[in-house]
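Asker: Taken in sequence, the protein lines are chains U and W. Counting in my numbering, the first sequence runs from -5 upward without gaps. Counting in my numbering, the second sequence runs from 1160 upward without gaps.
These aren't lab readings, by the way, just hints derived from the structure by calculation. Be aware that one or more of the hints could be misleading.
Claimed, not checked - Label pairs and their computed distance ranges (CB to CB):
hint	chain 1	residue 1	chain 2	residue 2	range
1	U	Leu314	W	Arg1346	38 to 44 Å
2	U	Ala175	W	Arg1558	56 to 62 Å
3	U	Gly211	W	Pro1163	36 to 42 Å
4	U	Ile122	W	Arg1558	56 to 62 Å
5	W	Leu1510	U	Gly302	40 to 46 Å
6	W	Glu1367	U	Val18	51 to 57 Å
7	W	Thr1485	U	Gly211	41 to 47 Å
For every residue, glycine included, the Cβ atom is placed at its ideal position computed from N, Cα and C.
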Amino acid sequence: MTTATIPGVGRVPRKYVPVLVTAVLFLVMFAAGGIRYEDFATGQIILNVFIDNAFLLVVAVGMTFVILTGGIDLSVGSVVALSTMVAATLLKHGWSPWLVILIVLLIGAVLGLGMGAIIHYFEIQPFIVTLAGMFLARGLCFTIDTESISIDNSTFVGFAQTRIDLGGEMWVSPSVLIAVAVVLVAAYILHYTRFGRNVYATGGSEQSALLMGLPVGRTKIAVYTISGFCSALGGMLLSFYMLSGYGLHAVGMELDAIAAVVIGGTLLTGGTGFLLGTVLGVLVLGLIQTIISFEGTLSSWWTRIFIGLLLFVFILLQRLFSARSRQ
Amino acid sequence: MAEPAPVLRMRGIGKEFPGVKALDGVDFRLLPGEVHALMGENGAGKSTLIKVLTGVYEIDAGTIELGGRQVAFASPLAAQHAGISTVYQEVNLCTNLSVAENIFIGREPRRFGRIQWGEMRRRADELLGRLEIDIDVSAALSSYSLAIQQMVAIARAVDIDAQVLILDEPTSSLDASEVAQLFRVMRQLKEQGIAILFVSHFLDQIYEIADRMTILRNGKLVGEHLTSELSQVELVGKMIGRELAELEQLEGRPPAREGAPLVEAVDLGRTGAIEPFTLTIHEGEVVGLAGLLGSGRTEAARLLFGADHAGSGSVKIGGEQVGLRTPRAAIRNKIAFCSENRRAEGLIPELTVRENIILALQAARGWTRPIPRRKQDELVDKYITALNIRPANPDQLIRNLSGGNQQKVMLARWLILEPRLLILDEPTRGIDVGAKAEIQRLVAELSDGGMAVLFISAELEEVLRLSHKVGVLRDRRLIAEIDNDEGLTTDALTETIASGAAT
Chain U
-5 MTTATIPGVG RVPRKYVPVL VTAVLFLVMF AAGGIRYEDF ATGQIILNVF
45 IDNAFLLVVA VGMTFVILTG GIDLSVGSVV ALSTMVAATL LKHGWSPWLV
95 ILIVLLIGAV LGLGMGAIIH YFEIQPFIVT LAGMFLARGL CFTIDTESIS
145 IDNSTFVGFA QTRIDLGGEM WVSPSVLIAV AVVLVAAYIL HYTRFGRNVY
195 ATGGSEQSAL LMGLPVGRTK IAVYTISGFC SALGGMLLSF YMLSGYGLHA
245 VGMELDAIAA VVIGGTLLTG GTGFLLGTVL GVLVLGLIQT IISFEGTLSS
295 WWTRIFIGLL LFVFILLQRL FSARSRQ
Chain W
1160 MAEPAPVLRM RGIGKEFPGV KALDGVDFRL LPGEVHALMG ENGAGKSTLI
1210 KVLTGVYEID AGTIELGGRQ VAFASPLAAQ HAGISTVYQE VNLCTNLSVA
1260 ENIFIGREPR RFGRIQWGEM RRRADELLGR LEIDIDVSAA LSSYSLAIQQ
1310 MVAIARAVDI DAQVLILDEP TSSLDASEVA QLFRVMRQLK EQGIAILFVS
1360 HFLDQIYEIA DRMTILRNGK LVGEHLTSEL SQVELVGKMI GRELAELEQL
1410 EGRPPAREGA PLVEAVDLGR TGAIEPFTLT IHEGEVVGLA GLLGSGRTEA
1460 ARLLFGADHA GSGSVKIGGE QVGLRTPRAA IRNKIAFCSE NRRAEGLIPE
1510 LTVRENIILA LQAARGWTRP IPRRKQDELV DKYITALNIR PANPDQLIRN
1560 LSGGNQQKVM LARWLILEPR LLILDEPTRG IDVGAKAEIQ RLVAELSDGG
1610 MAVLFISAEL EEVLRLSHKV GVLRDRRLIA EIDNDEGLTT DALTETIASG
1660 AAT
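Pulled out of the complex, with its shape left as it was, chain U reads as follows (with noise of 0.2 Å):
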């Protein structure tokens, strides 16, 4: 079996190399800043990053399925923004405000749904696809509403200032817990389902898997909408964060979930990663930004900076251990 040595761990499968290099990296990180701030070795502060990126994981959380397909899925972004809007515009008219979340998770598998029917029907590229996608779901925002509509439905300002007590000082908002739930019923789905299974054997080889009579079309438009559910969902979360529904809400979100999974060691070739690396991905991106906001005097696109350093690394890192195995 291929297997690394790691220092004072032993030696570990090749393929869970990519997820422990990145939670050795969230480790390293948190200690350098507990050691460098005050206040900031606490557990709050890695529930603090839950909760400011509770939407940005589900969100990676349906960007994982695609890219491990092999695809990739530029419209999350503006579907977030369009969930937003859509549903601060009817709750505006005075809609349930649970019949809105229906409606908008709806609407999110719905354009999900449509992008992957496009690149398996039509055999088009998901980049091109989703692109449109991105582009298509953006302009809607502004045709509801070329302004910032703010939320005061009492269901979800309740969403948003819920705290949920863990005991020790410690609380996580409601978002947390579904975005925590998201993962563990997609990280379910990815391992003990044959569907899980044929998302992997269709990033392994599309070709492969089809010989081997998978059903590979319905897996991929089934990975498109779930990401697209995934958005609407991220996006519902992000307007209980936000309390507004915007056009401009989420802009470049896709490049944080893709940077996010990338970062987890998930191959953009598809076929290899886990969730739990997607979910310490989002972790590494929020620490930066908590770290950032700790040091006080560095502008915050210093957060963009140290996200595009990483990327290379990581980019760098793929490159050696997909050139090893082929050998």
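Once you've looked at the hints, dock chain W against the given chain U.
Answerer: Chain W alone, transformed into the frame defined by chain U:
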């Protein structure tokens, strides 16, 4: 002993592609518990027959019976469900998944929709254990050799309760010990009553493993024989389509010629492509390479041109040791190579005749020193006339030319480099008779002018007509080097190819 009833029977199978009758009234049967080889030269219809059987193509005529019932498969999947599994030359599995998953994906053991990983690994272990393969089934498939991957593919195939297992050239990228392992597995499956259809270009392997063989030629059935009742010489004769006695001696053999050794390859080889061979080519000499498809002819030529990296051995040119690590190095040493695959590896169909001809010379000069247009026109006109390229229009796009004229353009490209050794890989394949004769004449003329030529062709007559010396390849080994004198006939060559020894 009475023969058991065939598990598969195909009667009068016909398949037509636009302009070609790929299969014409072919009968074929498979008995349970036998290894049945499907034999034939390239284009004989072997792969079409397999594709018809596995539902990739629909049949135009004839019937297929499986276990006594008439069947028609709409897709490979349908054939698989009916018990016909195929393992292709390139392993069609997902190397990113574990061994166990590759065997069971799509049919994973589940409870309440949840995959039972432990159960799956246990069953995979058991299944591979029965094939006497002891590996860690939870490891990724990519961590194992191609041979193991092939076994895993077979394990997957037989686990789908296969009655018929089709192995399409499974051995072409395996080494000797891996082939032995595969054969052991095949014998076991045979004992379990599975009918195995086996395709391979390696005659020795056929004679080692197959009980019975069906020979096809030009889409027609030549015959079905027990392996034990047909000698290798008879088999090759049937595949090529001539009884050996009928082969006539050819006239116009080239006169023997004495020249200084130009290229001396010593123990040149590459694992998996060709065993180390030693070959000397003299100035002005035409050396023919004969052998069946897949015998290593092209592989040998590619090593001499540096298109593939030689794993062992050395090459001397004009007595001096040279390293032919890249085609560029070979070109610097005045070696030119006309690929057999002129569409994929030679011509650029979107460029004109002039641009295609000038390409290699320009590459040799380097892109910073463009060839002046006047020089280009001069060269191109000269070779269009010399090789009689039609239409004689240097601005014509290559893709609009016939195959024969495309081949001449390829030749022209290399000839303007004035090579000392010209390697021609199947230069006359797929072109009409007239152009063929012209190219043959040209080869003779070039060799008269002192150029050495390595001539690769599947047509033995052609090889004999042109060559001073013939190298015979078989199973990726240079098995004989024969001077082309009065004693050598296509008959004798066929015998050598078939028996594996010079007579």
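Asker: Evaluate each hint against the coordinates.
Answerer: These are the hints, each one checked on the structure:
1. For the pair U:Leu314 and W:Arg1346, the supplied restraint of 38 to 44 Å holds, since their beta-carbon distance comes to about 42 Å.
2. About 59 Å separates the C-beta atoms of U:Ala175 and W:Arg1558, a value consistent with the hinted range of 56 to 62 Å.
3. Hint check: U:Gly211 to W:Pro1163, Cβ distance near 41 Å, so the stated range 36 to 42 Å holds.
4. Range check, U:Ile122 to W:Arg1558: about 28 Å between beta-carbon atoms, so the 56 to 62 Å window is missed.
5. The beta-carbon spacing between W:Leu1510 and U:Gly302, approximately 41 Å, falls within the hinted interval of 40 to 46 Å.
6. The supplied range of 51 to 57 Å is met by W:Glu1367 and U:Val18, whose beta-carbon atoms lie about 53 Å from each other.
7. For the pair W:Thr1485 and U:Gly211, the beta carbons lie near 43 Å from each other, so the given range of 41 to 47 Å is met.
Violated hints amount to a single one, hint 4; each of the other numbered hints is respected by the structure.
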